[in-house]
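Asks: Each chain is listed here by its residues.
Protein chains: 2
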Amino acid sequence: MPITVVGSIAYDTVKTPFGERERMLGGAAVHFALAASFFDEVRVVGPVGEDFGEQQVAVLEARGVDVSDVERVSGGRTFFWQGEYGWDLNSRETLDTQLGVFEGFQPKLSERSRSSEVLFLANIQPDLQLQVRAQLPRARFVALDSMNLWIDLAREALVRAIGSVDCVILNDAELRQLTGRPNLVSAAREVLSWAPSSPSADGLARGPRVIVAKQGEYGAALITREGFFALPAYPLESVIDPTGAGDTFAGGLVGYIAAHPDEELSDDLLRRAMAHATVLASFNVEEFGTERVQRLTGREIVARIGELHAMTQFSGAPLELLG
Amino acid sequence: MPITVVGSIAYDTVKTPFGERERMLGGAAVHFALAASFFDEVRVVGPVGEDFGEQQVAVLEARGVDVSDVERVSGGRTFFWQGEYGWDLNSRETLDTQLGVFEGFQPKLSERSRSSEVLFLANIQPDLQLQVRAQLPRARFVALDSMNLWIDLAREALVRAIGSVDCVILNDAELRQLTGRPNLVSAAREVLSWAPSSPSADGLARGPRVIVAKQGEYGAALITREGFFALPAYPLESVIDPTGAGDTFAGGLVGYIAAHPDEELSDDLLRRAMAHATVLASFNVEEFGTERVQRLTGREIVARIGELHAMTQFSGAPLELLG
Chain R
909 MPITVVGSIA
919 YDTVKTPFGE
929 RERMLGGAAV
939 HFALAASFFD
949 EVRVVGPVGE
959 DFGEQQVAVL
969 EARGVDVSDV
979 ERVSGGRTFF
989 WQGEYGWDLN
999 SRETLDTQLG
1009 VFEGFQPKLS
1019 ERSRSSEVLF
1029 LANIQPDLQL
1039 QVRAQLPRAR
1049 FVALDSMNLW
1059 IDLAREALVR
1069 AIGSVDCVIL
1079 NDAELRQLTG
1089 RPNLVSAARE
1099 VLSWAPSSPS
1109 ADGLARGPRV
1119 IVAKQGEYGA
1129 ALITREGFFA
1139 LPAYPLESVI
1149 DPTGAGDTFA
1159 GGLVGYIAAH
1169 PDEELSDDLL
1179 RRAMAHATVL
1189 ASFNVEEFGT
1199 ERVQRLTGRE
1209 IVARIGELHA
1219 MTQFSGAPLE
1229 LLG
Chain P
909 MPITVVGSIA
919 YDTVKTPFGE
929 RERMLGGAAV
939 HFALAASFFD
949 EVRVVGPVGE
959 DFGEQQVAVL
969 EARGVDVSDV
979 ERVSGGRTFF
989 WQGEYGWDLN
999 SRETLDTQLG
1009 VFEGFQPKLS
1019 ERSRSSEVLF
1029 LANIQPDLQL
1039 QVRAQLPRAR
1049 FVALDSMNLW
1059 IDLAREALVR
1069 AIGSVDCVIL
1079 NDAELRQLTG
1089 RPNLVSAARE
1099 VLSWAPSSPS
1109 ADGLARGPRV
1119 IVAKQGEYGA
1129 ALITREGFFA
1139 LPAYPLESVI
1149 DPTGAGDTFA
1159 GGLVGYIAAH
1169 PDEELSDDLL
1179 RRAMAHATVL
1189 ASFNVEEFGT
1199 ERVQRLTGRE
1209 IVARIGELHA
1219 MTQFSGAPLE
1229 LLG
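Residue numbers (my numbering), protein chains in the order written: chain R, 909 to 1231; chain P, 909 to 1231.
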């Protein structure tokens, strides 16, 4: 099923203990689209400025991503983020954020982007997420990401946006903040309970059925009404730049689901999607920005899925216990 | 194979967001022994003071633990720890530590404790760990735990102690601190490389073959020369008191290995041991101190192993990827 993603397209200047890069191609929609492009057709909706290069567009096009809804704002500057990561890459400091054309962004979706059966609402202002959501009323699978900023500034709108999607993908700390529940499982169950018992008149307020808690270097957990699943991150001896890992993860997850239109949204499907998400994210962090994913191959993904599978299995040999 | 554990026997006063308890039975050796007692015979070596009650001894005896090397120091006070946990239980503050009889503790092992084929060196001063290790030269499997304090104060002795065991069980942050390597996999590989290429004359310096990184609520990872394995923590909606979870984990791990004397120390055996460790730890945190594990049954452990197994499996259905 074709996938529409709405979110930021950016230039990132990043410093990690392993080096730095200036004005790399970045942004949530870009990382998501590159990852999801391994699974299905992806349509990107987002603004760029006059400073956005043909070279950057070509990176998306090379992976078959539809960029016709990438809106070039004349006289504008592309969203810019600058950050620096600490020693163990688990902490990062934002040094500069220039919204540029992202300020006052009003998503404009072509008929083509509105016809997608799968939608990913990357981390943008929740009212905008709702507005986009309303333009794809018949989408079969909708997921969203968000961040602490919107939990602080626009929690009510975010809760409404969550009520309009199937799948919420957040960092575990954000799930805790959003619900005020320190326990991850009960935080996730609370968000699942935000589903109305019956769909609203407009068919949008069906409520989330799937909660994905991203846990950074520790992996990710999946909580549905049926069950719980967790995967460690794929272990890497060298992690260079975590920027975009979460969006790449989402691209793997949503992309995998999009590539299985004939399957119900079962826990079995979701678990396989989590594995592909984990593997995509692991490639993303091996190099700066989009460098690694740009030259990634399907064969490499499949091979790493096999390794991840082998790393997470144990046999349930029975044992006579004492007492 | 019988297991000897050397470590603290304590009274713990603990406050968590869910309640508080004064002077509960605690200590690394106690939590370890209760968990390991489900798998094999456990012999505890450690000092207590005159204030240590028969009731506390009876908790260990009820699980068949051999307490004949629990040394009662006349005129002494039992090791006391007081701590308080934060909102999400991931941070804790030590409010009081009174070493009591633990100050100047010189482990005295009976012939029986020295005859064990499995040894766990709980978190005590590394020179003491080495001293105990030397008294079981023919032990088939030896594991140790430690803490940031000893990495700060006695790193050289700790490195020697690590060189004398098969298995190192540490928090992931401690592995990073110990090696100065921020990346978990390379930190673990560095510790594995501390193994001398051939056993030393006394047969002790064989070096670690197994590194277990405890990751708190995120689970644990296993790194050997052959491979990598990771398990999430068993998900609980209600966690009451994490005190002793790490030692309970170690008790499940070491106990499971002890219960399989005819198996080689393969990754397959270690993975099953990790699962049992994870499950034991999950019961420990459900209530204060040793309350839950005291009335735990083998049947409950086996049932939760099955659940954990189900929560960590995904199928590797092949997929045609684009590019």
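Accuracy of the hints is not assured; some may be wrong.
Because identical chains share one entry, a pair is satisfied inside a single copy or across any pair of copies.
In silico SDA-like pairs for lysine to any residue, Cα to Cα no more than 20 Å straight-line [claimed, not checked]:
1. K923 to P1090
2. K1016 to P910
3. K1016 to L1036
4. K923 to G991
5. K923 to E958
6. K923 to L1227
7. K923 to A1047
8. K923 to R1000
9. K923 to R1089
10. K923 to N1091
11. K1016 to G994
12. K923 to D1176
13. K1016 to E1145
14. K923 to G984
15. K1016 to T1087
16. K1016 to E1064
17. K923 to S999
If you are wondering where the hints come from, they were derived from the structure by calculation, not from laboratory data.
Asks: Taking the hints in turn, state whether each one holds.
Replies: Okay, the hints, checked on the actual structure:
1. For the homomeric pair K923 and P1090, the shortest alpha-carbon distance between copies (16 Å) is at most 20 Å, but the shortest distance inside one copy (32 Å) is not.
2. Proximity of K1016 and P910 under a CA criterion of 20 Å is satisfied intra-copy only: 18 Å inside one chain copy versus 70 Å between copies.
3. Taking the closest pair of Cα atoms, K1016 and L1036 come within 20 Å of each other only inside a single copy of the chain (11 Å); across copies the shortest separation is 69 Å, beyond that limit.
4. For the identical chains of this complex, K923 and G991 are intra-copy neighbours only, at 6 Å inside a copy versus 38 Å across copies, given an alpha-carbon limit of 20 Å.
5. With identical chains, the CA atoms of K923 and E958 are never at most 20 Å apart, being 25 Å at best within one copy and 58 Å at best between copies.
6. In this assembly of identical chains, the alpha carbons of K923 and L1227 never lie at most 20 Å apart, being 51 Å within a copy and 36 Å across copies at closest.
7. With identical chains, the CA atoms of K923 and A1047 are never at most 20 Å apart, being 39 Å at best within one copy and 49 Å at best between copies.
8. For the identical chains of this complex, K923 and R1000 are intra-copy neighbours only, at 10 Å inside a copy versus 32 Å across copies, given an alpha-carbon limit of 20 Å.
9. Taking the shortest Cα distances, K923 and R1089 sit within 20 Å of each other only across copies (18 Å), while inside one copy they are farther apart (33 Å).
10. For the identical chains of this complex, K923 and N1091 are inter-copy neighbours only, at 17 Å across copies versus 33 Å inside a copy, given an alpha-carbon limit of 20 Å.
11. For the homomeric pair K1016 and G994, neither the shortest alpha-carbon distance inside one copy (38 Å) nor that between copies (45 Å) is at most 20 Å.
12. When the C-alpha separation of K923 and D1176 is checked against a cutoff of 20 Å, the pair qualifies neither within a copy, at 39 Å, nor between copies, at 40 Å.
13. Proximity of K1016 to E1145 under the C-alpha cut-off of 20 Å is found in neither arrangement, the shortest distances being 42 Å within a copy and 42 Å between copies.
14. In the homo-oligomer, the alpha carbons of K923 and G984 never lie at most 20 Å apart, since the shortest distance is 26 Å inside one protomer and 55 Å across protomers.
15. Proximity of K1016 to T1087 under the C-alpha cut-off of 20 Å is found in neither arrangement, the shortest distances being 32 Å within a copy and 52 Å between copies.
16. In this assembly of identical chains, K1016 and E1064 lie within 20 Å of each other by CA distance neither inside one copy nor across copies; the values are 24 Å within and 63 Å between.
17. When the C-alpha separation of K923 and S999 is checked against a cutoff of 20 Å, the pair qualifies only within one copy, where the shortest distance is 12 Å, while the shortest distance between copies is 29 Å.
Violated hints, in rising order: 5, 6, 7, 11, 12, 13, 14, 15, 16; the structure is consistent with all others.
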